[in-house]
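Using the sequences provided together with the hints, build the complete structure.
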Amino acid sequence: MNSTDGMSAMGALASLPERASAASVFGEPATAGDRVVIPVAEVMIAMGAGWGGGNTTEPTATSVPVAPAAGSGGGVGGWGRARGIAVIELGPDGVQVHPIVDQTAISLAGIALAGAVLALVAQVTKKLIR
855 MNSTDGMSAM GALASLPERA SAASVFGEPA TAGDRVVIPV AEVMIAMGAG
905 WGGGNTTEPT ATSVPVAPAA GSGGGVGGWG RARGIAVIEL GPDGVQVHPI
955 VDQTAISLAG IALAGAVLAL VAQVTKKLIR
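In this text, residue positions in the sequence shown follow the working numbering: the first is 855, and each later residue adds one.
By construction, these hints were calculated from the structure, which means they are not laboratory data. Watch out, some of these pointers could steer you wrong.
[What the hints assert, rightly or not] Pairs of lysine to any residue, SDA-like flavour, derived with a Cα cap of 20 Å:
#, residue 1, residue 2
1, K981, I965
2, K980, A970
3, K980, L962
4, K981, G964
5, K980, G969
6, K981, V971
Predicted model only: the values in this text are computed from it and were never measured.
Here it is as structure tokens:
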């Protein structure tokens, strides 16, 4: 990676917190007849960076001194995600919030729970048989 790429990556990471604002969470209102609909999203951002370095003298079988070995390195990373979680509806009959239910996540949680219960039942049954 050249220095231009590194500066671009650092700039992108530095701008992530600015993007995690209410404007990122609430979408542009849309009007349909006498109703206004506002999309709502969940925005998550994670960032990390680390650097390190060190010097050491490698031992040899001879008594001839060797030059110290040196090394250093670093890394920067970031992650972001946005997903719709609800729609706010404003109309003549008031304000209503319609949550967006993630059926896939619910199904996966159910499968994981069923697997854990089966593993527990198998373990208890195995102990009772002994």
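Okay, the hints, checked on the actual structure:
no.	hint	result
1	K981 to I965	25 Å, violated
2	K980 to A970	15 Å, holds
3	K980 to L962	27 Å, violated
4	K981 to G964	26 Å, violated
5	K980 to G969	16 Å, holds
6	K981 to V971	15 Å, holds
Of the numbered hints listed earlier, those contradicted by the structure are 1, 3, 4.
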